[in-house]
Amino acid sequence: MSKQNNKQNNKNSPAEDVTRRDFLRKAGTYSAASLTGAAMLLAPKPARATKNVTWAEHFQKNYRLMTDEEKKEAIDRLVKRYSEEFGKKVSVDDAPAMDGVLFGYALNIQKCIGCRRCVKACVAENNQSRGDKQQIEWIRVMRLEKGKFSEGDRDDGGYPQDFGIQVGGNAYKPAGVVLEGQHYYEADKVPEKDAFYLPMQCMQCEKPPCVKVCPVRTTYRDPDGIVVIDYNWCIGCRMCIGACPYWARRFNWGEPDLPAADMNPDTHYLGNRPRMKGVVEKCTFCIQRTRKGRWTGCVEVCPVGARKLGNLLDPESDVRKILATKKVFRLRADLNTYPKFFYFMD
Amino acid sequence: MKRFFQFVFDFLRAGFSGGVIFWGWMLLLAFFIMLWGYGEYVQLTNGMIVTGLNDQVSWGFYLANFVFMVGVAAAAVTVVFPAYVYKHKELHKIVVLGEMLAIAAVIMCLLFVTAHMGRPDRLWHIFPVIGIFNWPHAMLTWDVLVLTGYLALNIIGGFYYLYKKYTGKPVNKLFYLSIVYIAIVWALSIHTVTAFLINTMPARPMWFHSMMPIKFITTAFAAGPSLIIIVFLLVRKFTPMQIADEAFHLLSQIVVWCLGIALFLTLSEIVTELYPSTEHSLGLQYLMFGHHGLDALVPFFWTAMALMIGSFILLLIPRVRKNLLLLPFICLAVFVGIYIEKGMALMIPGVIPTPIGEFAEYFPTHIEFMIVGGVWAIGFFVLTVLIKGAVGVLLGDVRYKEQASHTVQGEQANAVAT
Amino acid sequence: MISYRILAPVMSLCMLTAASTTTVFGETDEESKECFESRKDLTQVQQREIEPGVTNIKCSPTTGGVLFWSDPFDGTIPMGDMPVEADYSHEEAVVKPREPQIDRNKLLTICSMACHNGEYVPWPENKLARPLTMHQDIVPDAMQLKHGKQAIWCLDCHHAATRTKLIDNYGNEISFNQPQILCGKCHGQVYRSWRDGIHGKRIGMWNKGGKKRWWVCTECHNPHDVQQGERNSGFAQLDPEPAPILPKGMINANHERGHGEDH
Chain A
1 MSKQNNKQNN
11 KNSPAEDVTR
21 RDFLRKAGTY
31 SAASLTGAAM
41 LLAPKPARAT
51 KNVTWAEHFQ
61 KNYRLMTDEE
71 KKEAIDRLVK
81 RYSEEFGKKV
91 SVDDAPAMDG
101 VLFGYALNIQ
111 KCIGCRRCVK
121 ACVAENNQSR
131 GDKQQIEWIR
141 VMRLEKGKFS
151 EGDRDDGGYP
161 QDFGIQVGGN
171 AYKPAGVVLE
181 GQHYYEADKV
191 PEKDAFYLPM
201 QCMQCEKPPC
211 VKVCPVRTTY
221 RDPDGIVVID
231 YNWCIGCRMC
241 IGACPYWARR
251 FNWGEPDLPA
261 ADMNPDTHYL
271 GNRPRMKGVV
281 EKCTFCIQRT
291 RKGRWTGCVE
301 VCPVGARKLG
311 NLLDPESDVR
321 KILATKKVFR
331 LRADLNTYPK
341 FFYFMD
Chain B
1 MKRFFQFVFD
11 FLRAGFSGGV
21 IFWGWMLLLA
31 FFIMLWGYGE
41 YVQLTNGMIV
51 TGLNDQVSWG
61 FYLANFVFMV
71 GVAAAAVTVV
81 FPAYVYKHKE
91 LHKIVVLGEM
101 LAIAAVIMCL
111 LFVTAHMGRP
121 DRLWHIFPVI
131 GIFNWPHAML
141 TWDVLVLTGY
151 LALNIIGGFY
161 YLYKKYTGKP
171 VNKLFYLSIV
181 YIAIVWALSI
191 HTVTAFLINT
201 MPARPMWFHS
211 MMPIKFITTA
221 FAAGPSLIII
231 VFLLVRKFTP
241 MQIADEAFHL
251 LSQIVVWCLG
261 IALFLTLSEI
271 VTELYPSTEH
281 SLGLQYLMFG
291 HHGLDALVPF
301 FWTAMALMIG
311 SFILLLIPRV
321 RKNLLLLPFI
331 CLAVFVGIYI
341 EKGMALMIPG
351 VIPTPIGEFA
361 EYFPTHIEFM
371 IVGGVWAIGF
381 FVLTVLIKGA
391 VGVLLGDVRY
401 KEQASHTVQG
411 EQANAVAT
Chain C
1 MISYRILAPV
11 MSLCMLTAAS
21 TTTVFGETDE
31 ESKECFESRK
41 DLTQVQQREI
51 EPGVTNIKCS
61 PTTGGVLFWS
71 DPFDGTIPMG
81 DMPVEADYSH
91 EEAVVKPREP
101 QIDRNKLLTI
111 CSMACHNGEY
121 VPWPENKLAR
131 PLTMHQDIVP
141 DAMQLKHGKQ
151 AIWCLDCHHA
161 ATRTKLIDNY
171 GNEISFNQPQ
181 ILCGKCHGQV
191 YRSWRDGIHG
201 KRIGMWNKGG
211 KKRWWVCTEC
221 HNPHDVQQGE
231 RNSGFAQLDP
241 EPAPILPKGM
251 INANHERGHG
261 EDH
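Chains as they are written, first to last, in this note's numbering: chain A, 1 to 346; chain B, 1 to 418; chain C, 1 to 263.
Be aware that one or more of the hints could be misleading.
[Claimed, not checked] DSBU-like cross-link-like pairs, simulated, lysine-lysine; straight-line CA separation at most 30 Å:
#1 C:165 to C:127
#2 C:208 to A:193
#3 A:326 to C:96
#4 C:149 to A:207
Please keep in mind that the hints were generated in silico from the structure rather than gathered at the bench.
Start from the sequences and build out the full structure, keeping to the hints where you can.
See the structure below:
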């Protein structure tokens, strides 16, 4: 609809026509398909998000090495492209890390009811790909089952009885809590009686293994402790996905499926701006919000207030108070990644 | 300079000449290469969504083949090393063929990596100066260094020797031997670094053990020479090139001992992991026995084991090992066994379950099969051309002539003189 | 006793008014979408467009839970005289008024003006607990109060005469918009934790000095059933959002349901 309008506008107003031609001459419309030669002309309908990628965008520098002017140019390009593609006014923020801020996160594992609302809120906020073909969710909630205490759960026969004098063949199978989490639990109502829930997402490690293995330094830790990705520099080798012990990173296997109506127009260059196919993405503590002082989408949406985010350098922040007064733990602390994502209980 | 171009031309002409079998073989390869082109086209336009990969299993068939082929490339050293360090006369004659194999294998490695990349159009980001080369932090940059270095060493070493042979000039021993010795050490480095690439990630406990590099090298030195034996037997059959039985005996000995060590290391790994059966062994358990009905890899693992153990036992018998009619089939079994064990059976259970314990099975799609098959076809295509050219040079069929007419006159003069 | 008979017609009138208002407010506009924030049916928000293409909230299409606030301070009032003793006391703190949520049908207002205004229905002389004799249907959970393990009853929290108010230990009125003052009387530790921002929920600006909307106790907890049955989690059960889509190559997730059986 909006595209048709655009066309008509171009026909009607010479001024716009000129700018458009100018634009074409300067940059040359570029499609990912053209890279692979003339055969690509036969390509099925070009995917939307890469349709208008310009040569200038394709050959831009790594974001961290850009001068301020180059950053501005890159962002203007994106604003123009996104606004055209999604038919609304899109802003791309480039707010740098604030001084004296180190973001930390605390999650009350005792409170979490496993409703997965944070997962969906994150998708709504951060412009992930959705739909049946390619669904990307940055948060994964696991269900951990309690139980197996009854006489019927005794491990009669089988392996221990045949072999184990020590075991004696009467061990209770996963007594207490089972080891493995359930990722695809479906429940009528949560929280369920015999389960608790463990949400996981990017832990924004102080020593991120993903950053270390990136061959092109497209992912790095910013001074406020957020590990970010320059999507335009990522080569899609997925070393970071292999190295992350928290399974926090996701890959755009195909062109992301982001309906224009659902697109969140408040974006950040390093955060929730629409991604292209073939690049890695992950939680950025909603960098587009937090660098403007606002809480993340998941913190705000949690219906039980289990999620907290604050400045680790500020002793008065809620996260620091949690660290001071509660029992906290981090996942896989043995790996020395120093996550800034803490779990706590009352 | 003109002489050099003449060399390239003559070399390629020798590489592309042959009878019906040769052209049939090349046509078959060309067919698979076309499939590769189609597969790459589909993958580039649609993204990697056309593969069976997903966020749970993000490394798959391409990298499995990559890891295996790095081993094959490194295994050229099993020809070079005895030839130069132990002055093995028979191997010395054919050492260039080993180098040609290494060149073809490294080219395949690079193609597999490119197929694995989500944004091959941004490959330039990794080039130093114009891009960012995160060296020495990223293990992948080390792998890029050692692989391209190895490719360069083999091209320089192999073609320097062939060029000298072609022009009939003596080889500069200091230059040539230093290239050879560097390449020997370098060959070990490519596989060591490839092992480091995946075993430096505690997130993936199945790979996270220091046995990985040596296991890589032993399996490589079993699978590589197996392929070399097959290729050399084919060379002996289809070209006038003479390769002594002794060379095969030495190579098959290398195969059997390296295979033995590899099996021993596999056994050690299984015992170490399964005795305590911690959560870190879930990947291996999934590979060997499946997991609650997910057992796509189980038959492959046991097939690989059967092939490897069976051929090891057969190769232990000297009479079997020295039977050059039987040997290629055993070598094929070793090759296939290690291809499975070190390819898919290493790569896939390394990423299943995910670091947070999710099990998802992985089935390569037809696009992946097209691309992988096509890269293999490219490898064999390159190898065939290189070996035919090299054999031509080694036999003296392809050698530099000042000018065709001049040479003819010279020959006539010779004839007259005699 | 006598006065009760006189009051009968007044009361029936009161009930009538209540019934009629119920129907009036029961008709909801089909166009506008209503979503809930934390407690289903008791933290409702109406979805509306605030600028072209931008709505005040985004809702989950599956469960109707709010996923996103365009303006986190929409419809809030200053938190008021909450004794915030933390160093964050200088911050602008706002809450969403509870009264419109609790009294959606205006029953509370109407009834307390018409009948329970402290004149018609006499409040008990003492505070001895006794079962509710009337209005069991309009006071949910009143007959199965699961709070305080029988040690407290209605008038420990509700103002005996002014039914639109809660009450503190000195008999002072507490607004339904500030239940924390009441709850904090017993739950001091949780109250302090809430005041520090550890317990409970806040949205808005995380940074020091930034404006915050605080969730008050009754936005998450049901004061008449704090245990929430067997779960004993403090929260009423909710519909979960759908599970992620199964990864490629997987038909079902049965393998993770049978866990722990065959190890």
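Inset, instruction - Please flag the earlier hints that this structure goes against, numbers listed from lowest up. - result: 2, 4
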